[in-house]
Amino acid sequence: MKKKEFNIKLNGLTIEELKELLSNTQGALDKMKMNHRTAEIENPLEIRTVRRNVARIQTELKKRELQA
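Residue 61 is where the sequence shown starts when you use the numbering used here, and the numbers rise one by one after that.
Keep in mind that the hints were calculated from the coordinates and are not lab data. These figures come from a predicted structure and were not determined experimentally. We put the beta carbon where it would ideally sit given N, CA and C, even for glycine. One should not assume that every hint holds.
Okay, derived cross-link-like pairs now, BS3-like style, lysine-lysine, Cα gap no bigger than 27 Å in a straight line [unchecked claim]: (1) Lys79 x Lys93; (2) Lys69 x Lys79; (3) Lys91 x Lys62; (4) Lys64 x Lys122; (5) Lys91 x Lys63; (6) Lys123 x Lys63; (7) Lys62 x Lys123; (8) Lys69 x Lys123; (9) Lys62 x Lys93; (10) Lys91 x Lys69; (11) Lys122 x Lys69; (12) Lys123 x Lys79; (13) Lys79 x Lys63; (14) Lys91 x Lys122; (15) Lys122 x Lys63; (16) Lys93 x Lys63; (17) Lys62 x Lys79; (18) Lys79 x Lys91; (19) Lys93 x Lys69.
For each label pair, taking beta carbons as the anchor points, the in silico distance ranges come out as [said to hold, decoys possible]: (20) Thr98 x Leu126: 32 to 42 Å; (21) Lys123 x Ser83: 13 to 23 Å; (22) Gly72 x Glu100: 18 to 28 Å; (23) Asn71 x Ala99: 29 to 39 Å; (24) Gly87 x Lys122: 17 to 27 Å; (25) Lys123 x Thr98: 35 to 45 Å.
Produce the complete structure using the sequences and hints provided.
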């Protein structure tokens, strides 16, 4: 998913949905990192993309907390 599409998707989610998405995405990132350490993964650049998506989700959560 492209960056702009991902940000639009985040804007449509509630805080609870964002927290759930953050948890799932962080879990996926941890799993990818572990797989990368133990074996070769198909696309190592995917780790960077997922890590940045985690940061985008955290930024959106922080922005909403400051608005409330």
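ask   = Which numbered conditions among the earlier hints are violated in the structure presented, ordered from lowest to highest?
value = 22
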